[in-house]
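For chain A, the structure is supplied; the task is to place chains B and C with the ligands on it using the hints.
As a plain string of letters, each chain reads:
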Amino acid sequence: MSMERRNFFKILSTASAGVVATGCGTDSDKLIPLLVPEQDLIPGVEYWHPSVCTSCPSGCGVVARVMDGERIIERTTAGKTEKLRQRLAAIKKLEGNPLDHVSGGRLCARGQAGVQSLYNPDRIRGPLKRSGVRGEATFQPISWKDAISEASDQLLKVKNEAADRIAIVTGPVASSRSNALRGFAKAIGAPEPLVCSVASHAAERKAAEIALNWQGIPFYDIANARHILSVGADFLGGWVSPVNYARQFGAFRQARMEVRGYLAHAESRLSITASAADQWLPLKPGSEAQFLGAVGRILLDLNLAPKAASLPPNVLAAFKALDLAAFIAATGIEERKLRLAVEQLGKSEGPLVLAGASTVHTNSVDAIVASHYVNMMLGNVGNPGGIQAPAKSPIEPLTNTKFAAALSQARAIVLDEANPLYTAPKAAHVREALTKAGFVLSFATTLDDSAAWADIILPAHHALEGEIAVAPAAAARVSLAIGGTFVQPLYETQPISNTLAELAGGMNVTFQPATVKEIAEPLLPKDLTWETVVREGGFHTDATPAAAPLTKSKPAPKAAAPTNAFALNAAKFEGDGPFLLQPYLSPQLHEGASSNLPWLQECPDPASSAVWSLPVEIDPVTAQKLGIATGDNVKLESASGSITAPAYIHPGAVPGVLSMAIGGGHTHFGRFASGRGANPLEILALATEPATGDLATGATRVRLTRVGPGKDLIQYSSEDKEERPHAHR
Amino acid sequence: MVIDLDRCTGCEACVVACHSENNIGMSTPEEAARGRVNHWIRIDRYYEGQFPDIKVKYRPVLCQHCDEAPCEPVCPVNATYHNPEGLNVQVYNRCVGTFYCANNCPYTVRSFNWFDPKWPEPMQLQHNPDVSIRPGGVMEKCTFCIQRIKRVEDQADAAGRPVADGEVQPACVQSCPAEAMIFGDLNDPDSKVSRLAGDGRATKLMEELGTKPKVVYLEKAR
Amino acid sequence: MAEHPELLPYGIIREDLFRPLSRAGSKWWFTVVACFLLVVAGLAAWGVQLRDGLGVTGLNRPVFWGLYIVDFVFWIGISHAGTLISAILRLTDAAWRKPVTRAAEAITLFALMIGGLFPIIHLGRAWFFYWLIPYPNARLMWPNFRSPLVWDLTAIVTYVTGSAIYLYLPLIPDMAQLGAHNKPWRRKLYKALSLGWTGSDREWHALEMAMKLNAVIILAVAISVHTVVAWDFSMSIAPTWHSTIFGPYFVVGAIFSGIGALIIVMATLRRTLHLENYLIKRHFDNMSKLLLTMSLLWFYFTMSEHITIWYGNEPKEMGVFGQRTRGDYAFWFWLMVFVNFVVPVTLLGIKKLRSVKTAVIASFGVLIGMWLERYLIVIPTLVTPRLASATSVYTPSWVELMITVATFAAMIMLYLLFARLFPIIAVWEYKPHSPEEED
Ligand SMILES: Nc1nc2c(c(=O)[nH]1)N[C@H]1C(S)=C(S)[C@@H](COP(=O)(O)OP(=O)(O)OC[C@H]3O[C@@H](n4cnc5c(=O)[nH]c(N)nc54)[C@H](O)[C@@H]3O)O[C@H]1N2
Ligand code: SF4
Ligand code: SF4
Ligand code: SF4
Ligand code: SF4
Ligand code: SF4
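Protein chains in written order, with the numbering used here: chain A, 1099 to 1827; chain B, 127 to 348; chain C, 10 to 448.
Chain A on its own, in the form it takes in the complex (with noise of 0.2 Å):
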C-alpha cells in the first residue's frame, strides 16, 4: 500500500493538472483540431487522471491511464465526405485509485471494462430524433440546438398541464448527475426522479433504518471480523461494494497472524461467496428471515448472545417466542449443521452477521432487521470487525423506487442512466407506458432497449469524459469519488448539467445544476483543499469532517422500535409453477448496464463458465427427471410470458430453484449485446417487498420444460469436476 502511494503521487506529480480537453460545440468543424499535436500531449508520456467509475453504486476511484490516441473520424465539408486522423488524449486503462477508501486501488472486472463503454463503437454519436413510430428505434440526427427546444417545448407542455405526470427515471448511482436530475425534477416542479434498478438495495436502506435508525447502507468491518455468517448477501458478487468486499475479505482470510477468518454463507444459490465460504449454508429461497430468527434464537438459548439486554423487548420477546422448530424446517437447512454454524458464531471473539438481499423476497427487509438485531445481541453493532453507520453521505441518494405506477400515470417519461423496459418484468407495463406516453426523452450514451422508445435522444457525455462525483453506497467514512475532465469527448455529447440547464431554460425555469466543487465543499474536511481533492480524486476522510457529522451517534429513539414491530413474515411466491426463479446479480453483467462490453460478454460466468451467453442453472436431480442436458434449450414460464435460455446443469444447485443470471435478452443495445440471450427479469410477477415497495425479484413461480437440443450455452471450459473418471478397467 505505501508503496502505492508512492508511486501515486509521482506519476500525478509529472501529470499536467489542467484539462486536455478544448470542450465540444455544436458544430462538428469545432471539434478538436485536426493532427495538431495537444501541447500537453507528449506521445509516449502516460499520465494519470482520477475519475469514478458508475458501473454499480459503489462508487470505486479509479485512475485513468491517459496517453495520445488516433482515432479515424469522417468530415464533410462542402458535401464532400473525407477520412481523417484525428490525434486526441485516449484513456488506455482504469485501474482502482489507490488512495480511495472503497476501492484501495483494484477494480473488478465491470470497473476494468469502464473504459470499453467509452470507446464502445455503438454510442450514440449525436443528438437524435425519432424518424419512425415509436419503439421501432429508427432516428435521425438533428441538432443541438433543434433537439433542445423540440424537447423543451415537450416538457413544458406537460408541466403546464399536469407537472405530476413527468417521471425521471435514473440508476442508483447516487452522484453529482442524480442530484442534478433530482434538481431538474425540483425545478420544472416534477416529483422526485424514481430509481429503476435491480441493485437499488432498498431492503438494505429499509432495515438498517427500521433496526438501528441508520440512513443509508450499512458498512460491514468485514477485515476485523474473525468469523462471518453472512445471510443472502453475495457481498463478493454482485452486492453493494464488491471490491471494497472482496478487499476486506482477503485480509479477513489472511491478512492477520495467527488468525484465518471463517466464512459460512448462508443463500439459496452457490455464488461465488458461497463458493469461497468455508461453509456454505443453501437455504430455501425467501427463508432467510427464518434463518436468522433461528440464529438469534439459539444463540440467546445457547447464553451466546453477551448484549441480548440491548434489544428492544419486544424484539426480544419475539425472538424469544418463535417457534424454532417450524423455522428451521423453513431454512431446509439440517437441524443439526444449523445449529453447529450458530455456535460457531456465537463463541467466536469476533463474531459478524452480514445480511443483505441480493435475491430480494417479500420479507426481505424482515431478515436484514433480524439479522442487525443479532449483530446487536452479539454486540458488535458500531464496533471493529462489526457492522458500523454508514457515513452521512455527501450526495443524497435516490431512493423512490416505485417506477412503475409513477411510469404509468406519466405523460411524459424522462431516462437517464435507467433502463426500465430491461430491470422491469414485463408485468410492469413499461412498455405500454413508454408507447401511452405524450413523450419520451432519453440521456443516453449508447441506444438500449428503452432509449430505442424515445422520441428525442439528448446524449450525455460518458461518465469518463466530463466531471462527475459519486457518494459510494456504502463507506463508514465520509467519501466521495469525483472525476475530472480529462479527455476530449468523442462524439457531439453534453455534460448532462448542461442539458438539464438547457432544457429548463427551454421551460423559462432558471437552473442550474451544483458542480461537483458545489457538492463537495460544504462537507471538505478543514485540512483539505480543493485542489487536493481534484488531484486525489475526491476525499475519503478519516476525520470527521467540519460539516458532517456521522449519523451513527444519533441513537434510535426509544419509542420508534415498537412501532416498527419486528416481524419473521413468510416469503411470498407468486404464480403456481413447481420451480422458483432467481434472477442474480453476476460479476461480471450486474444488471444488464454491461452487456455491451465484449470483454465482459467473452469473461466467464464463474459459475457455469459462460461465455456470451448466460444460461439457466438446474441441479442435476430435476434435470434428470426432466431429460435436461447441459446445452439444452429450456423454457421457463410464469404467469407474465415465457424465455428461452440455454440449460446449466449445476451441480452446486438448489433442488427446485432456477438461478439465472441478469445481462441477457437486450432488445437493443449495441451490436454486443443486441439479441443475445435472455433476460430472467422479464418473466417475474409483480411482486414487491412491501415495506419497501421494490421488487421483489425471487418470488416468481415458474414451470420449466425442455425444448431441445440448442447451441446457444458457450462455454469456455465445460469440464467442471478436475479429475476425469478413469476406471481401471
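Hints are computed from structural coordinates only; laboratory data are not their basis. Just so you know, these numbers come straight off a predicted model, no measurement behind them. A few of these clues could be false.
Calculated cross-link-like contacts (lysine-lysine; reagent style BS3-like; alpha-carbon spacing at most 27 Å) [what the hints assert, rightly or not]: (1) A/1382 <-> B/181; (2) B/181 <-> A/1445; (3) A/1819 <-> B/330.
With beta-carbon atoms standing in for the labels, derived distance ranges [stated by the list, open to error]: (4) B/242 <-> C/207: 55 to 65 Å; (5) C/45 <-> A/1141: 54 to 64 Å; (6) B/242 <-> C/283: 30 to 40 Å.
Cβ atoms here follow ideal geometry from the backbone N, Cα and C, with glycine treated the same way.
Coordinates of chains B and C with the ligands only, in the frame set by chain A:
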C-alpha cells in the same frame, strides 16, 4: 508470483485486467463457440462433491513461466525462450505458428491468434501502446506484463535506485480486489513472494513434471 | 499368366512396358482431369486459409494440431512404401522385386511431396516457412536445433532429395532407350533425362554402385524420417505422446501403410496397363505376406503401447486411453483394430482366402486403419489436456477436409501422369546380359 487461493474469490477481475493491459484480441460468439476465446489468465473452476456438501475450487491459471519450460525447446524458430531475468518470453515477430509450444505446455495457457484481431473504430483508442498488436497466425501468452516490469526498471534506473519489492505490479495483480496475487522477485530471499513461497500452504501446479513453475499457489486453508 | 516374366522375350517386354506411354484412354483423361479439379479446389481452400487465417480450420484451444498433422504423418508413412521396401528388396537381391520397385519408389516421392507440404499448410504464417530452414538469417540467428521440427524439416528435405535421386537413377537406362521416342517433346525430355547414357560398362558399373549406396543411405534416412516424425510427438510431454515406443511404432506403421498403398497401386497398374504378365500372383502373394507380417508387428506395437498405459494407470494417460477405447473415439479405435489387424490376418493369414482381390481389400482397410491410427494418436491426446478445464472437442472444417481430399487426388493425378510419362516397371532390368539374347 504467488497466488493465494484462500483469498481468491473467482471474480475474474484479473481476466479483464489482462485484456485491458495487453491488447488481447476480442472473440465473437461464433468464434467462442469454436473454442477460440483468448485469455492469458483464466480461472479454472471445479466442483467437488454433491449438493449440499459441494465445494468449489477456483484457481487462476496463467503462464507459469517455468524455469524448465517445455514450450521452449520445441519452438523451431526460438520465438519462445527464457530471457535473462528468467521470464518465458514470446517474440511475436519470430513466431511462425507451428503450435508446438502450445501442445507442449502442460498448463494450456498459450493462445493463438486464429485471425487478425479486429477492433471496430474507435475501440483501438484503448490499445496500450506499450504492447504490440499481434497479427493472425501468431502464438501469444501471458508475459508477466513485461512492459510494466521494464517501465519500473527504467524508472528505478533513472533514479539510480534498485527496484523496490512490490513495485512491479502486473495488471492482473494490480486489479485483484482480494489481493490474492502477489508479484515479486523469487530470487530475492527477502521479498514478499519469497517469504510466502515458503508458507506451508505453498504448492506448484504439476510440479511433478519437472517444469519448475514460477507461480506459487497457496492452497486454501481448511 | 506367366510364372516368370524374366523368361519372356525382351522385345515383348519392351513392347509391353513402353506401350502405356503412348496410349491414354478416356478413363485416364477423365480421372486426371477430375483429380486436377480436386487439387485446384484444395489449393483454393488453402488460399482461403492463407487469406483469412488458420481460424478457417476446426482447430481450437487446446486442439492445436488437427487434420493437417494427421495427414502429414499419414503421407510420410505412405512414402515408406517405396524407398524402404525397394531398398530392402534391392539390398537383399530379392529376385521378384524387379516389377515392383519403381512403382514403389514413385509412391514414395509423391507421398513425400504431398506429406511435406502439410507442415507448411499447417503454419500460422505459412509464408515464413523458410525460417525453419537451418541457415543463419540477417541477424545471424539460426533456428532452434533443439526443436524436433527442425530435425523434421531437415529429415524430410533429405528424404525427398534422396528419394528423387533414388527414383531417378534406375530410370536413366530406360530414358536412354526412350530417347528415340516418336513425339518430339518426349524425345527431348527423355534425352535430357538420360544424361547422355551410352550404356558403357563404366556407366553400368557406376550406376550399380550408386544405386547400392543410395539404397543403403535411403534406408537409414527413411527410418530416421519416420522416427523423427514420431519424435515430434514423443519429445513432448503430452499424455500418451511421451512414449519411447513411438519411433519404431511409427516406422512399422509407416511400412505397413506403405505396403498397403503399394499393393493397391500394383493391382491398379496390373489391371489398367495390362501388366498381368509382369505383376504376377507371386508378387501379390509375397506382398500379402509382407503386409501380414506388418499387421502382426503393428498389432504387437499397438498392444505394447496401450497395455503399458493401462497397466501403469497414470491418470492423465488413462484419460486419453479412456477416450480412445471407450470414450468419444471408441468406435474409430475398434474399427482401426478391425481393419488393421482382424481383416488382414483373416484374409491374408488363411491361405485359401489369399488372392489379389483380398490383398487389395485388406490394403484398403489398412490405409483407412492407418489414417485412423494417426487421427487417434493426435486428437484424443489434445482434447484431454492435463488440466481438465481446458478440455475441448475438435471437428475438422471444410477447408481441412477439402485439402485432405485434394491430397489424395494429387497423389492419384501425379501417379497417373507418371505412369504415362515413364515406364512404371524398369525395362532395362529385364534386359538379358548377353547381347545375343536381346531379340
Ligand atoms: N535499421 C536502421 N535503423 C535506423 C536508421 C536506419 O537507417 N536504419 N536510421 C536512424 C535514424 S536517422 C532515425 S531518424 C531513426 C528514426 O526512428 P523512429 O523515430 O523510430 O522513426 P520511425 O520508424 O519513422 O517511427 C516513428 C513512429 O512514429 C509514428 N508517427 C508518425 N507520425 C506521428 C505523430 O504525429 N505522432 C505520433 N505520436 N506518432 C507518429 C509512426 O507511425 C512510427 O510508428 O531511426 C534510426 N535507426
Ligand atoms: S464495484 Fe461497482 S463501482 Fe466498483 S469497480 Fe466494480 S462496477 Fe465499478
Ligand atoms: S481478481 Fe483475484 S480474486 Fe478475482 S479471480 Fe482473479 S485472482 Fe481471484
Ligand atoms: S506455463 Fe506453458 S507457456 Fe508458460 S513457460 Fe510453462 S510451458 Fe511455457
Ligand atoms: S507457435 Fe510460434 S512460438 Fe510456438 S513453437 Fe511455433 S513458432 Fe514457436
Ligand atoms: S501477468 Fe500480465 S500478461 Fe500475465 S496474466 Fe497477468 S495481466 Fe496478463
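How the hints compare with the structure:
1. A/1382 <-> B/181: 19 Å, holds
2. B/181 <-> A/1445: Given that 27 Å is the threshold and the Cα spacing comes to 25 Å, the pair holds.
3. A/1819 <-> B/330: With a Cα-Cα distance of about 19 Å, the restraint between residue 1819 of chain A and residue 330 of chain B holds, given a limit of 27 Å.
4. B/242 <-> C/207: 55 to 65 Å: Holds - the Cβ-Cβ distance for residue 242 of chain B and residue 207 of chain C, about 59 Å, lies within 55 to 65 Å.
5. C/45 <-> A/1141: 54 to 64 Å: 55 Å, holds
6. B/242 <-> C/283: 30 to 40 Å: 55 Å, violated
Hint compliance for this structure: hint 6 is the single one not met.
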